[in-house]
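Residue numbers (my numbering), protein chains in the order written: chain A, 23 to 525; chain B, 36 to 374; chain C, 605 to 934; chain D, 544 to 899.
Hints in this document: simulated from the structure, not taken from any laboratory.
For each residue, glycine too, the CB sits at the ideal point set by N, CA and C.
Heads up, a few of these hints could be off.
In the SDA-like style, the derived pairs of lysine to any residue whose C-alpha atoms are separated by at most 20 Å in a straight line are [said to hold, decoys possible]:
1) A:Lys142 / C:Ser791
2) A:Lys366 / D:Gln769
3) B:Lys149 / D:Gly709
4) D:Lys705 / D:Asp721
5) A:Lys366 / C:Val930
6) D:Lys774 / A:Asp351
7) A:Lys354 / D:Gln769
Stretches of chain C that chain B covers, calculated by requiring three or more beta carbons in the stretch to come under 8 Å of a beta carbon on chain B [said to hold, decoys possible]:
8) 839-846
9) 854-864
Here's a subset of chain B near chain C, in silico, CB distances under 10 Å, partners left out [claimed, not checked]:
10) Asp83
11) Ser231
12) Val240
13) Trp247
14) Gly248
15) Thr250
16) Gly268
17) Ala325
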Amino acid sequence: MPEILLAARNVTKQFPGVLANDKISAQLRPGRILALLGENGAGKSTLVNILFGMYRPDSGEVIIKDEVVDLHGPDDAISRGIGMVHQHFQLVPPMRVVENIVLGAEPSKRGLVDLAEARKRVVELSQRYGLEIDPDALVEDLPVGMQQRVEILKALYREADVLILDEPTGVLTPQEADHLLSVLRDLTETGLGIVFITHKLREVLAIADDIVVLRNGRVIGETTPADTNENGLAEMMVGRSVVLRVEKSAAEPTDVVLAVDELEVNDDRGQLAVDGLSFEVRAGEILGIAGVEGNGQRELVEAVTGLRQPLSGTMRINGEEVTNGSARDISKRGVAHIPEDREKHGVIAVYSLAENSVLNRYHRSPFSFRGILRRDVIDRHAEDVVEEFDVRTPSIAVTASSLSGGNKQKLIVGREFSDDIELLIAAQPTRGIDIGAIEFIHRRILEQRDKGAAVLLVSAELDEILGLSDRIAVLYDGKLMDVLDAQDADRERVGLLMAGITQ
Amino acid sequence: MAPKRRHLLALLMVLGLVTAAACGSDDGGGVSGGYSIGLVTDTGKVDDKSFNQSAWEGAQQGAADIPASATASYIETEESKDYANNIQLFLDDGAKVIVTVGFGLGEATIEAAKANPDVMFIGVDQWQDDALPNLAGLMFPEATAGFMAGALAGMLTETDIVGAVLGTDLVPPVVFFKEGWENGARYTNPDVQTISTYHPGGLDVAFGDPEWGATTARQALDQGADIIFGAGGATGNGALIEVAGEAGALCVGVDSDQWFTVPEAHPCLVTSAMKLIDVGVAELIGQAYAGTMQGGNFFGEVGLAPFHDFDGIVTDEMRATLDDVMAGLADGSINPMPE
Amino acid sequence: MTTRQKQMLYVGATLIVVIAWTFYTADGPQTTAVLAGTVRAATLLVLGAMCGMIGERSGVVNIGIEGQFLLSAFAAFTIASMTGSLFLGTVAGVGMGLIMGWMLAAMAVGLKVDQIIAGTVLNIAALGLTSFFYDRSRSLGMGKYTNIDLGPLADIPLVGTVFFSRPPLTYLTMVLLVVVHVALFRSVWGMRTRAIGEHPGAADTVGIDVLKLRYFNVTIAGGLAGLGGSYLALEAVGTFSRAMSGGRGFLALAVMIFGRRTPFGAYAAALFFGFTTALQNQFQLNSTFDIPPQFVGMLPFVVTIIVVALSGLIGSMRDPAALGQVYEKG
Amino acid sequence: MSRSLLRTVATPLAAVVFGLLIGAVLILSQNASPITAYSALVVGGLGDADSLLRTLQKATPLIFGGLAVAFAFKAGMFNIGGQGQLLVGAVFAAGVGFGVDGLPMVVHLPAALVAGALAGAVWGGIAGALKATTGAHEVIVTIMLNFVAGNLTDWLSANPWKDNSGNNIVARTPLVEDSATIPTLGAVPVGFVLALVVAAACWFVLERTTYGFEVRSVGHNRNAAQYSGIKVGWIMASTMAVAGMLAGLGGAVESLGVDGRFEAGVNVGLGFEGITIALLARANPLGVIPAALLVGLMEAGASRMQFKAGVAPELIDVIQALILFFVAAPIIIRWVLRMRADNSEQLQLGAGWGRS
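Sequences and hints are given; from them, build the entire structure.
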């Protein structure tokens with residue numbers, strides 16, 4: 023058995039304008055779990071992409087099983103026993119589980135895929151590691167937890183000695199995450215090494231043997247769970263002491279702003295995604311929607327914002343029915359929306375910041391007059407947003423594509439918050455951005471609540487839900503499992519509800 | 036910065052060079068020399084194996100026939116809006132005779148003839164309502180040609196089914212050919228069944244779709260037709276070639292003797308319903324040179340092309356009937372297109 | 605395919621057979637003629653559809669099939685008339701198709717040109733080049749491909765004439781239908797091809813070279829369109845003429861969509877379109893209706909529009925997820 | 544300003560030069576002289592007042608056709624249906640032009656133009672509406688509608704609207720009334736002026752109005768546009784209708800200003816050249832004008848090129864394809880000229896505000 027399974031030595035990688043990895047070194051030994059910890063943009067993904075052969079380092083070397091290697095692509099890494107479970111699953115949705123697992127390394131006879139043989143091997147593998155799966159199910163029909171299992175089996179099928187997992191618990195309930203951690207621990211018994219990438223301190227302490235903390239593309243420190251604690255890790259990760267809890271006053275809810283009754287909504291594939299939901303959000307409170315992604319959150323948000331036609335049920339805003347209102351009808355009523363997918367739904371990449379700053383209001387006075395845009399007014403508005411919401415940019419004339427994720431998100435928040443808001447719908451408002459921006463946006467959301475807005479917060483980050491919400495509704499399979507007051511909610515209880523377990 | 040600008044500069048220089056070249060002499064070409072004859076095609080090519088080609092051959096023949104040294108040259112029209120301009124190019128070049136091919140050029144030809152009384156114009160397929168002294172419209176009775184071909188087909192068919200694969204009913208000569216063909220077949224064979232199809236597409240594709248022509252000819256063969264008339268540019272040629280692949284079946288070409296223009300059709304081509312455009316054009320050019328050309332309408336000859344390889348199957352009896360038909364058509368006792 | 609769909613398929617097939625037989629007993633020659641014309645018109649369409657299908661399954665839209673047909677037909681005809689060999693002509697047509705496929709791949713995959721624009725370039729270039737270089741004095745002295753009877757099979761009434769008395773490239777097309785079907789849905793290549801069309805990122809992470817495979821597939825698919833061009837010049841027609849593809853490359857795309865990007869589905873769709881063409885001819889031949897040919901001629905195009913619209917409405921059709929998108933690594 | 548303008552035009556300009564250079568090689572391969580050929584081309588298109596008039600006349604429908612493609616591009620749609628939209632526009636404009644008489648010009652001419660524009664709008668709108676409601680791809684639908692339009696207009700001009708004067712046998716409508724004829728001001732056809740005005744209007748609508756903002760938003764990011772409350776389906780349908788209207792207007796100008804009537808088969812191919820023009824202009828409505836003038840010049844001079852140099856006029860089509868290729872794949876030009884890549888070099892089918 024090699025001494026070092028996988029290592030980076032002084033790896034440097036430069037992207038236009040960013041030094042993503044600056045002389046990074048880290049190593050993984052057999053049977054160990056190495057945690058790479060860092061906030062978004064710290065260089066974790068770049069590093070693992072280099073280790074997996076997706077990128078080539080500008081300088082420095084990659085070592086696999088005690089040998090310096092020159093990886094030309096993922097197939098190089100795979101053939102050397104590296105397996106990777108990506109944060110965004112790399113599965114082909116309309117193909118079967120077994121096809122996904124063997125893709126790229128298919129058992130074949132004269133060029134034809136030997137599906138029977140493939141199925142046999144997959145069943146064998148899943149039994150050996152205790153990862154039950156239906157080999158003939160279509161991946162698109164599986165829940166995310168199962169899809170992750172397919173990803174792991176994919177790596178094991180290729181006889182990986184090293185498993186790299188990129189933020190694997192983001193899509194799981196706390197209980198599922200715990201189960202995953204124990205599966206991973208079992209896997210190391212056979213000598214497998216695991217690289218575990220995360221920004222969640224608790225998980226690092228729970229599972230890692232070795233911890234490497236990255237910040238701004240550099241290694242900031244190496245430690246072990248025995249030698250540190252959450253606060254210590256957080257300080258290393260961010261470079262200053264961070265407030266792990268959001269400071270907020272008690273809510274003072276008043277009138278019902280949003281009332282949803284028996285709402286049913288289909289997803290894109292025509293299947294019921296929101297199944298008879300009823301809830302209310304009052305002015306001055308934050309209702310958090312907790313749940314594993316894909317349990318109807320997106321469809322709920324799209325229905326409430328007028329982007330998706332509900333099948334049945336009613337929605338009222340300030341007492342007026344808006345069930346079949348268009349997106350514009352609803353936004354006219356003082357509804358702001360921070361969409362979950364910033365790049366896809368939030369900004370138009372080739373538009374300037376000025377144009378992006380009026381995406382939701384270009385048609386209104388004073389930004390246009392009788393159908394003609396008033397560019398001077400728009401520009402002034404954009405300057406205001408940039409200043410007030412601390413968007414770091416050389417000018418409002420540059421395109422949105424030139425901004426970092428956090429600055430894009432601040433631009434969106436600034437755009438949505440520039441009017442008086444009756445109802446704020448915030449979906450995954452801090453996904454993938456740095457801690458500074460997260461704190462900024464959390465403060466702004468609370469500010470809106472305190473000004474009397476009703477806030478519907480949808481987040482897959484349980485910590486965010488627990489930290490910000492006044493009440494917590496848990497969504498599972500399109501149904502509302504329960505609505506808890508924030509003080510009654512804890513990870514355990516919400517986690518079980520997220521898994522559909524009521525006690 | 037600097038290198039970038041240099042490349043742009045280089046680019047501009049190349050452009051300048053091209054422009055300079057363009058502004059250079061344009062007199063090197065041209066066609067003038069001796070008695071010059073110009074031909075403007077319809078939107079088609081001088082080697083279209085059809086009427087443009089016939090007219091061009093006629094123009095060349097005419098140039099060769101006249102005693103003085105004469106040259107013939109052509110312009111192929113790309114777009115029908117260019118008719119007038121293309122005629123003007125020859126006028127500017129001092130052409131003595133200008134042949135314009137196709138009824139589409141009729142109006143442009145009349146305009147040019149009015150404006151240039153010293154130049155002789157020959158308009159192929161252009162009917163003249165009012166005779167201009169320097170413009171001869173070369174017309175052909177297509178129905179007569181079609182009738183003769185049909186009469187032969189009526190006698191030759193063994194299945195009593197004859198088919199026609201045609202360009203488009205938007206072009207009247209095609210309709211005349213078809214009606215003449217069907218009436219001729221019925222004239223010699225009252226039991227005959229005539230099955231005919233026009234291309235279903237627009238004017239822009241109707242003459243350029245040999246695949247449809249071939250498929251449709253096959254469809255007609257499959258239901259028993261044993262002689263197919265292909266009339267419609269490349270579309271008709273497709274039909275002829277298809278029939279060539281069917282043992283025992285015969286085909287009839289159109290416009291010129293297609294024995295020479297579609298050699299692939301030799302195995303089936305019994306004759307062609309000809310408009311002798313080349314003969315007519317050459318003759319009119321001769322008249323123009325001699326100063327005897329009359330304005331108004333000039334009727335060119337139509338007829339059947341030689342039977343070539345199939346000379347043997349046309350019996351003396353058939354030939355006699357054909358002669359009668361021809362005589363009847365000539366003296367008006369047979370109307371190829373009643374109504 | 606669901607059981608219900610299968611049932612409908614069987615019912616539909618039985619119905620077609622029954623109707624065909626009824627007509628056949630009523631008027632044998634006409635029925636044979638219409639159905640033979642159907643099969644004939646379908647061959648070119650399905651070759652184009654298979655070309656488009658392999659591209660689209662890999663995530664590359666090919667709107668240049670029309671141009672591929674035309675330039676390949678030109679090459680096939682020119683070489684065949686120069687060498688006097690239909691076989692060499694066919695090879696040249698396929699070769700030209702491969703070159704055109706490679707050019708499409710170079711633009712759409714390599715240079716990351718918008719795929720629709722890349723295909724349009726091919727179409728315009730093919731029309732210009734063939735018109736510019738066409739030498740009309742050429743001809744096929746030896747004639748075009750002729751029918752080959754498949755022994756006793758050809759003697760079966762109706763079916764024999766319609767399917768088993770055909771020229772060689774039509775048989776080859778039928779064989780290719782099976783080959784492409786097996787290759788797409790059973791082979792390692794096919795599985796990888798479908799993967800790069802649906803989720804190129806996933807394919808990349810398991811070591812499949814997405815760009816290389818797309819290059820390969822679009823090029824190979826061009827060979828199918830090239831065979832279509834050879835078929836057009838050397839089997840269907842027996843000569844070349846300007847713009848002779850006449851929009852069939854576009855119809856092939858509709859056939860591909862209607863056939864849900866499967867070879868047999870596309871063949872069924874192509875037969876359907878071939879049938880509308882043959883039927884419209886038959887109406888005219890029989891003088892069934894006194895409808896101007898211009899209106900009858902709209903039939904296939906109107907049907908295409910309806911089909912494309914309906915397949916969107918019913919939602920029975922889903923594009924490969926990565927269709928039309930440039931793949932950037934990483 | 545001039546620097547950035549230079550950079551903007553560098554790629555199309557280089558594409559034209561490369562196209563002409565390769566064209567020169569083809570001319571040489573035909574044993575003709577490129578210099579004679581190209582000089583004849585230019586003289587044929589610019590040599591005298593008549594040539595200039597023809598160039599302008601040829602450029603006019605190309606501008607409309609180019610706008611029809613460019614406008615749809617802005618909403619992320621590819622309108623290959625310019626041909627069919629132009630045909631129906633041409634035939635209906637002619638229909639009103641000859642079918643109605645006794646109207647003063649100020650009423651009749653606009654009415655005929657509007658008839659053409661509306662017919663084109665309906666033809667384009669069908670494709671847009673089908674795309675919006677059923678997802679039917681506009682490329683397939685517009686191609687099919689081209690065929691249908693060809694058959695429909697052929698039939699109209701050969702049957703109900705046929706010119707039965709004299710011995711006419713051609714499938715064409717009667718001449719339009721004088722009151723519906725677009726006049727010529729000096730050497731400049733008024734239709735060309737109209738095309739310039741419409742191009743400027745397109746630019747203004749796209750860049751300065753809320754509707755244009757919506758169109759461009761849909762073109763750049765359909766999802767974000769939908770999330771910001773824009774009715775994406777309506778924008779797609781209406782954009783295609785506007786595109787069809789532009790092409791239909793081009794057809795109307797042809798019927799009323801150039802041909803004086805509609806004639807079957809006369810306007811073939813005009814609509815397709817709009818694609819080349821729009822790409823050459825990088826979908827910029829103002830850029831469409833020089834692009835159309837260039838192509839118009841080549842087409843006006845093609846006859847003279849054949850006459851003087853014996854080069855087949857199809858060479859123009861080959862050169863156009865080459866230019867299109869180089870515009871579509873600017874990377875080749877950059878490589879040859881060693882220019883540095885920047886955003887303006889990409890063929891972005893739409894850009895931000897003219898903030899250069």
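Right, here's what the structure says about each hint:
1. Using a Cα cut-off of 20 Å, the hinted pair Lys142 of chain A and Ser791 of chain C holds, with the two alpha carbons roughly 18 Å apart.
2. For the proposed pair Lys366 of chain A and Gln769 of chain D, the alpha carbon gap of about 11 Å is at most 20 Å, so the pair holds.
3. Distance hint between Lys149 of chain B and Gly709 of chain D is fulfilled; the C-alpha atoms sit about 18 Å from each other, no more than 20 Å.
4. Pair hint Lys705 of chain D plus Asp721 of chain D holds up; C-alpha atoms about 18 Å apart against a cutoff of 20 Å.
5. Note on Lys366 of chain A and Val930 of chain C: the hinted pairing holds, with a Cα-Cα distance of about 16 Å set against a maximum of 20 Å.
6. A C-alpha spacing of about 11 Å is found between Lys774 of chain D and Asp351 of chain A, which places the hinted pair at or below 20 Å, so the restraint holds.
7. Restraint check for Lys354 of chain A and Gln769 of chain D: the C-alpha separation of about 15 Å stays at or below 20 Å, so the hint holds.
8. Proximity of the stretch 839-846 of chain C to chain B, defined as three or more residues with a beta carbon under 8 Å from a beta carbon of that chain, is established by the 6 residues found.
9. Residues of the stretch 854-864 of chain C lying with their CB closer than 8 Å to a CB of chain B number 0, which falls below the three-residue condition for coverage.
10. About 7 Å separates the beta-carbon of Asp83 of chain B from the nearest beta-carbon of chain C, less than 10 Å, and the hint is met.
11. Evaluation of the Ser231 of chain B hint against chain C yields a held restraint, the C-beta minimum of about 7 Å falling below 10 Å.
12. Below 10 Å, beta-carbon pairs count as interface contacts, and Val240 of chain B has one with chain C at about 5 Å; its hint therefore holds.
13. At a threshold of 10 Å, the smallest CB-CB gap from Trp247 of chain B to chain C is about 7 Å, leaving the interface hint in force.
14. Restraint check, Gly248 of chain B versus chain C: the minimum CB separation of about 8 Å is within 10 Å; hint holds.
15. The restraint placing Thr250 of chain B at the interface with chain C holds, with a minimum CB-CB distance near 5 Å, inside the 10 Å limit.
16. Satisfaction of the interface hint for Gly268 of chain B is found here, the shortest Cβ-Cβ separation to chain C being roughly 8 Å, below the 10 Å cut-off.
17. Hint status for Ala325 of chain B: violated, given a least beta-carbon distance of 33 Å to chain C, over 10 Å.
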